[in-house]
Amino acid sequence: MTKTLMNRIVLTAALAIAYVGVPLLLGGNAYVLGLIVAALTIAGVAVAWALLGNLGGMVSFGHAAFFGVGSYTSAVLAMKLGVPVFAAMLLGGVGAAVSSIAMLPALRLRGPYFALAILAYAHIFQILATEMTAVTGGAGGLLSIPRFPTLLGFEFGEKLGGYLIVLTIVVLAAFAYDAIRRSTWGLALKAMHDTEVATRVVGVPSTHLKAAMLVLSAFITGVVGAFNAHFISFLDPDYAFSSGWTVLPIAAAIFGGYRTVWGPVVGALAIYLVDQLLFKPILPHGHQMILGVLLCAMILFSPGGLMPALRRRPVKENRHAHA
Amino acid sequence: MLELTLQALFSGLLAGGYYATVAVGLALVFGTMRVINLAHGELVLLAAYVAYAAETNYGVNPVMAIPVALVIVGTASAIVYALLSRINQDREINSLILTFGLGIILTNAILSIWAADIHSTSDPWFQDSMVIADTLFAMNAEVAAFIGGLVLMAGVWWWLNHSWQGRAVRALSSNRAAATLMGVNPRKIEILSFLIAALLATFAGFAIYTGKTVFPALGHVLTVKAFIITVLAGMGSIPGVLIGAIMIGVIESLTVTYLSASLQELAGMILFLVVLFVSPSGLFGGGRALAR
Numbered sequence: 001m002t003k004t005l006m007n008r009i010v011l012t013a014a015l016a017i018a019y020v021g022v023p024l025l026l027g028g029n030a031y032v033l034g035l036i037v038a039a040l041t042i043a044g045v046a047v048a049w050a051l052l053g054n055l056g057g058m059v060s061f062g063h064a065a066f067f068g069v070g071s072y073t074s075a076v077l078a079m080k081l082g083v084p085v086f087a088a089m090l091l092g093g094v095g096a097a098v099s100s101i102a103m104l105p106a107l108r109l110r111g112p113y114f115a116l117a118i119l120a121y122a123h124i125f126q127i128l129a130t131e132m133t134a135v136t137g138g139a140g141g142l143l144s145i146p147r148f149p150t151l152l153g154f155e156f157g158e159k160l161g162g163y164l165i166v167l168t169i170v171v172l173a174a175f176a177y178d179a180i181r182r183s184t185w186g187l188a189l190k191a192m193h194d195t196e197v198a199t200r201v202v203g204v205p206s207t208h209l210k211a212a213m214l215v216l217s218a219f220i221t222g223v224v225g226a227f228n229a230h231f232i233s234f235l236d237p238d239y240a241f242s243s244g245w246t247v248l249p250i251a252a253a254i255f256g257g258y259r260t261v262w263g264p265v266v267g268a269l270a271i272y273l274v275d276q277l278l279f280k281p282i283l284p285h286g287h288q289m290i291l292g293v294l295l296c297a298m299i300l301f302s303p304g305g306l307m308p309a310l311r312r313r314p315v316k317e318n319r320h321a322h323a
Numbered sequence: 001m002l003e004l005t006l007q008a009l010f011s012g013l014l015a016g017g018y019y020a021t022v023a024v025g026l027a028l029v030f031g032t033m034r035v036i037n038l039a040h041g042e043l044v045l046l047a048a049y050v051a052y053a054a055e056t057n058y059g060v061n062p063v064m065a066i067p068v069a070l071v072i073v074g075t076a077s078a079i080v081y082a083l084l085s086r087i088n089q090d091r092e093i094n095s096l097i098l099t100f101g102l103g104i105i106l107t108n109a110i111l112s113i114w115a116a117d118i119h120s121t122s123d124p125w126f127q128d129s130m131v132i133a134d135t136l137f138a139m140n141a142e143v144a145a146f147i148g149g150l151v152l153m154a155g156v157w158w159w160l161n162h163s164w165q166g167r168a169v170r171a172l173s174s175n176r177a178a179a180t181l182m183g184v185n186p187r188k189i190e191i192l193s194f195l196i197a198a199l200l201a202t203f204a205g206f207a208i209y210t211g212k213t214v215f216p217a218l219g220h221v222l223t224v225k226a227f228i229i230t231v232l233a234g235m236g237s238i239p240g241v242l243i244g245a246i247m248i249g250v251i252e253s254l255t256v257t258y259l260s261a262s263l264q265e266l267a268g269m270i271l272f273l274v275v276l277f278v279s280p281s282g283l284f285g286g287g288r289a290l291a292r
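The listed protein sequences derive, respectively, from chains A and B. So for the first sequence, my numbering puts the first residue at 1; every next one is plus one. So for the second sequence, my numbering puts the first residue at 1; every next one is plus one.
These are computed hints drawn from the structure, not numbers from a lab. All of these numbers come straight from a predicted model, not from anything done at the bench. Any given hint might turn out to be false.
Far from chain B by the CB rule (all over 12 Å, computed), these chain A residues [said to hold, decoys possible]:
#1 Ala115
#2 Ala120
#3 His123
#4 Gly161
#5 Ile254
#6 Ala270
#7 Leu277
#8 Leu300
If you want the footprint, here are the derived chain B segments under chain A, 3+ residues with CB under 8 Å [as the list claims (entries may be wrong)]:
#9 86-96
#10 112-124
#11 201-213
#12 218-229
#13 271-278
Heads up, the beta-carbon is just placed ideally off N, CA and C, and yes, glycines get one too.
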């Protein structure tokens with residue numbers, strides 16, 4: 001019991017710092033705040049990726065597809081149909097969720113087959129976005145996408161406003177991930193991870209549960225993508241469907257620990273900030289190499305990620321505890 | 001119209017030759033280790049860049065660079081194996097992510113050494129075109145790569161079917177436990193499969209450098225293409241992989257000729273998804289590996 005209490009206190013303190021401390025301290029430093037917003041954008045996708053990987057047991061190499069579809073859906077709705085930006089952002093998530101329905105047949109594939117089938121989807125969506133010039137503006141992209149509005153006298157279109165929005169998205173996504181993990185669904189998914197056949201025999205609709213995780217993961221990624229579109233106010237297919245939206249979140253989730261709720265968030269902040277502040281100035285080309293090294297080192301030396309590795313020191317835990 | 005189609009079919013056939021050498025390497029490693037080496041395309045790329053470095057820095061004919069490339073790619077492949085064999089927990093997911101990470105490292109190493117520019121050989125012989133029939137054209141390099149690839153694959157095919165070690169590779173692929181009981185040393189055979197894959201990758205890298213163009217992002221594209229081909233062929237046999245590779249090559253070149261070059265990848269991807277959903281054991285059956 002004391003452990004959950006400890007966790008609550010740490011979480012509350014972290015949230016207080018994130019919502020009050022960071023705006024007060026860094027509110028004026030547009031550069032660092034911009035980096036943090038970008039890191040949180042990756043964190044949002046990383047949480048969605050981890051949700052699918054941990055609960056659904058599926059490695060995706062195609063989350064860029066959901067990110068891109070979400071960003072385009074939202075941008076086009078706001079620009080062409082005048083949908084209010086916040087509503088468009090949520091609809092961006094819905095759009096990504098709908099696009100994930102096209103991937104449901106891939107659920108019966110396992111391991112590398114699923115991972116690469118979803119990568120194929122991402123490529124197909126990118127090509128479609130480039131070719132459907134009438135809606136998406138083609139390779140030239142969309143310029144001056146509406147920014148977030150000013151609500152109750154607060155400018156959400158500014159860096160600080162963007163920070164608060166993306167922070168809230170990430171926190172809600174992590175809470176949703178946590179809630180599912182604790183629910184009976186989470187239990188069923190964990191059982192499925194151990195032995196899928198036995199779980200199906202006792203009457204768990206495993207395919208439906210996996211489908212639900214895929215759609216939810218797509219929704220979260222889509223909302224994050226939509227946020228990004230309105231925050232930077234520009235989109236083109238190569239950017240919106242960039243493999244970076246797949247690689248960075250995977251590196252973040254693996255680094256932080258994709259079987260934990262907050263690991264992907266911590267991982268994203270650590271990896272992105274270190275990459276941008278430390279390695280990019282040293283190695284202007286190919287600084288992503290460091291991500292590869294981190295990814296391999298984590299898999300080889302601490303496959304559970306950073307969070308469990310840090311926690312393992314003081315308390316001896318059951319090493320096979322996952323999901 | 002007919003001439004265009006024939007030329008497209010011919011170019012596709014030639015491209016299929018080197019696609020197949022990439023894919024056979026991937027399938028061989030999958031057979032022995034049950035791991036898709038997502039860094040395989042990057043190994044091909046590495047060989048291509050060794051040929052490029054030899055040509056531009058030392059003025060050597062790219063053919064002369066093959067032995068050096070073999071050593072470098074073989075070493076890289078052995079390192080991939082050494083790291084992969086250390087994974088013992090959640091093998092399926094972790095080995096995918098590990099090789100994915102290794103691919104990122106290789107791509108970025110190439111990017112930081114040779115920059116993102118597109119390169120191709122400057123030796124005129126490779127680029128010269130050869131007239132096959134009155135309207136069919138091909139570059140010398142393409143024809144050489146196709147014939148070389150066929151010979152190499154025939155060699156590997158013979159080796160798999162007639163040598164003790166080749167049989168051990170197949171035994172390990174079909175039943176690991178039984179093969180081990182029959183006196184096959186799995187580690188030896190696994191590393192052998194990685195070395196043969198490196199040999200094929202070196203050849204493919206050389207073929208791409210002389211007949212096509214290379215750039216750092218190509219490695220990833222090649223891995224995906226090789227995977228698509230093995231899915232089409234059902235991981236089973238070398239002739240199957242060759243047919244799958246030629247199919248992809250032909251479909252791509254027809255797409256480029258009649259639709260648009262930007263749709264080239266799309267055709268292969270859609271075919272891949274259709275096959276995965278309709279017949280997950282591949283077009284030519286015998287895909288026990290897939291069903292497992």
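Task: Claimed coverage, the region 112-124 of chain B by chain A - three or more beta carbons nearer than 8 Å - done: holds (count 3)
TODO: Measuring Cβ to Cβ, find out whether Ala120 of chain A lies farther than 12 Å from everything in chain B.
DONE: violated, 4 Å
Open item on the list: For Ala115 of chain A, is the shortest CB-to-CB distance to chain B above 12 Å, so the non-interface label stands?
Closed with: For Ala115 of chain A, whose nearest Cβ neighbour in chain B is about 6 Å away, the distance does not exceed 12 Å, so it is violated.
- [ ] Grab the minimum beta-carbon distance between Ala270 of chain A and chain B and tell me whether it stays above 12 Å.
- [x] holds, 16 Å
Task: Coverage assertion for the region 86-96 of chain B with respect to chain A, Cβ distance below 8 Å, three residues required - done: holds (count 8)
TODO: Closer than 8 Å, Cβ to Cβ, for at least three residues: run that test on the region 271-278 of chain B against chain A and report holds or violated.
DONE: Held - the region 271-278 of chain B has 4 residues with a Cβ nearer than 8 Å to chain A, which meets the minimum of three.
TODO: With a C-beta cutoff of 8 Å, work out whether three or more residues of the region 201-213 of chain B approach chain A closely enough for the coverage to hold.
DONE: violated (count 0)
- [ ] Confirm or reject the statement that Leu277 of chain A sits farther than 12 Å, beta carbon to beta carbon, from all of chain B.
- [x] At about 18 Å from chain B, Leu277 of chain A clears the 12 Å cut-off, so the statement holds.
Open item on the list: Is the listed coverage of the region 218-229 of chain B by chain A valid when you require three or more residues with a beta carbon under 8 Å from a beta carbon of that chain?
Closed with: Coverage by chain A holds for the region 218-229 of chain B (4 residues, Cβ < 8 Å).
TODO: Mind verifying the non-interface call on Gly161 of chain A? Its CB should be farther than 12 Å from each CB in chain B.
DONE: The claim holds: Gly161 of chain A sits with its nearest Cβ about 34 Å from chain B, beyond 12 Å.
Open item on the list: Verify this label for me: Ile254 of chain A is non-interface relative to chain B, using a Cβ-Cβ cutoff of 12 Å.
Closed with: violated, 6 Å
Open item on the list: Would the non-interface assignment of His123 of chain A survive a Cβ cutoff of 12 Å against chain B?
Closed with: violated, 5 Å
This entry does not satisfy hints 1, 2, 3, 5, 8, 11, going by the numbered hints stated previously.
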